[in-house]
Amino acid sequence: METNFIHHQSAHCENGVASNLLKHQGINISEPMVFGIGSGILFFYLPILKVNHAPAISYRPMPGFIFNRAAKRLGIKVKRIKFSNEKSAQIALEENLRNNIPTGLQVGVYNLTYFPDEYRFHFNAHNLVVYGKKDNHFLISDPVMETVTTLTEAELEKVRFAKGALAPKGQMYYPIHIPTEIDWEGAIKKGIKNTCREMLAPIPIVGVKGIRMVARSIPKWADKKGNKIANHYLAQMVRMQEEIGTGGGGFRFIYAAFLQEAAPILKNEKLYELSKEMTRIGDLWRDFAVNASRVYKNRSSQTDVYNSLSKELLHIADLEENFFKMLKKAI
Amino acid sequence: MKKEEVPQDKGNLSKNNIKELCYATDENGNYTTALSTGWEPKTIALQNSLQDINERIEKAKEDVKNGISSPIVYFMEVHKMDWVVLSSYVGMWIWRIKRHRKPSVFKKLSNKVLSKYAEAFEISVEELKNFKGE
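Protein sequences appear in the order of chains A and H.
Mapping of the first sequence onto the working numbering: residues 1 to 331, in sequence order.
Mapping of the second sequence onto the working numbering: residues 1 to 134, in sequence order.
Think of the hints as simulated: they come from the structure by calculation, not from any bench.
Note that the structure is predicted; figures quoted are calculated from it, not measured.
Errors might be hidden in some of the hints.
Claimed, not checked - Using 25 Å as the maximum straight-line C-alpha spacing, the simulated DSS-like pairs for lysine-lysine come out as follows: (1) A:225 <-> H:80; (2) A:87 <-> H:116; (3) A:276 <-> H:3.
My request is simple: use the sequences and hints to build the entire structure.
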């Protein structure tokens with residue numbers, strides 16, 4: 001059995017799955033559109049939670065949020081099912097494929113056989129689409145890969161029931177209701193307003209304030225924990241910002257693409273300018289990554305390098321604060 | 001980022017013939033997508049993480065050899081796990097599995113408990129028991 005699903009590569013797995021599943025239903029929605037309407041841009045810093053032995057820094061909301069918010073704002077209903085039992089999870093998936101429904105799955109990355117070894121960490125919030133089954137192999141469309149691939153029953157079971165933080169528990173999801181008329185304008189405005197609210201939130205670990213808190217922490221990491229650990233933290237931060245899935249610059253370029261796409265729909269000229277500004281900010285994030293990588297590569301030990309990285313980040317925070325205030329006004 | 005600036009460095013992705021999608025602007029300033037084979041700052045960041053893991057594995061191996069920790073710690077590091085992830089895979093509380101890192105406690109574990117670890121590490125109980133850090 002095989003559904004007539006078309007694979008499109010995307011930068012980020014969740015937007016990609018959402019965009020691909022909706023395209024299959026006849027809604028032509030790009031990855032940046034899903035990302036923008038779903039308020040995908042965010043920043044938070046949770047120093048007490050350790051991921052890969054470094055403080056958790058995220059450039060995006062919790063897994064599932066982007067698709068759920070985008071669907072809600074577009075009036076689309078998405079069904080999500082979790083399973084306690086491996087067998088019933090497989091039966092439900094096969095039932096869907098028989099009914100010609102390509103199905104989104106949340107999976108763990110560690111046992112994804114087609115990923116390069118270096119990328120296989122215990123990260124459980126990856127997304128992919130199963131669009132068929134042939135000769136006991138499930139046909140897989142993983143949006144971050146250029147082409148489609150396959151997994152055996154056992155391999156798929158393993159990644160659907162990966163353990164640890166955010167365990168997927170076999171979760172599958174697919175749209176069940178598509179409205180006849182979609183209010184694009186309203187959905188885009190809601191998405192932007194929500195993003196501005198979150199990025200400007202008066203909470204020290206979220207949004208612009210979160211960026212400032214990380215900026216101020218960088219020299220402290222070096223002072224209190226030594227250069228080796230500080231460099232490890234910086235490397236982890238750069239990975240979160242730039243690794244597969246962000247489209248570069250911690251999602252800033254995807255967001256700039258969204259604003260550009262939104263401008264003609266909202267008939268708002270200001271969004272073109274703001275898109276350009278977001279691109280400039282994204283470029284500064286890239287510069288930050290380059291400079292941070294120089295620090296952990298050369299193992300330079302002056303306290304100055306950490307202070308200059310800190311200043312760079314504070315500058316980005318100032319620009320973003322200004323940016324999101326202007327964006328709020330423009331809508 | 002401009003389209004012609006999308007980095008095409010050699011790295012962990014290009015080695016596996018994988019390209020990732022980036023968003024960049026074309027000559028008219030309009031957004032488009034471009035494939036990237038890799039970017040050096042990312043490659044170094046990833047190498048830094050992998051080196052960190054290797055150091056942890058070597059340290060765990062030494063500790064098993066010197067009788068400081070049980071093989072569980074070693075295999076946990078090999079599988080890039082921490083106590084939270086391991087606890088979830090074997091279905092036991094963290095305080096309980098942390099006790100099992102002591103060689104004296106590990107020696108007394110029943111086969112039933114050992115088999116849970118063996119399954120999580122995808123090895124046999126014998127391999128787990130007989131690992132001496134060499």
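Tested hints:
Taking the CA atoms of residue 225 (chain A) and residue 80 (chain H), the gap is near 22 Å; set against the 25 Å cutoff, the hint holds. Straight-line distance between C-alpha atoms of residue 87 (chain A) and residue 116 (chain H) comes to about 20 Å, which keeps the hinted pair within the 25 Å bound. Restraint check: the Cα-Cα separation between residue 276 (chain A) and residue 3 (chain H) comes to about 14 Å, which is no more than 25 Å; the hinted pair holds.
Violation of the numbered hints given earlier is absent; every hint is satisfied by the structure.
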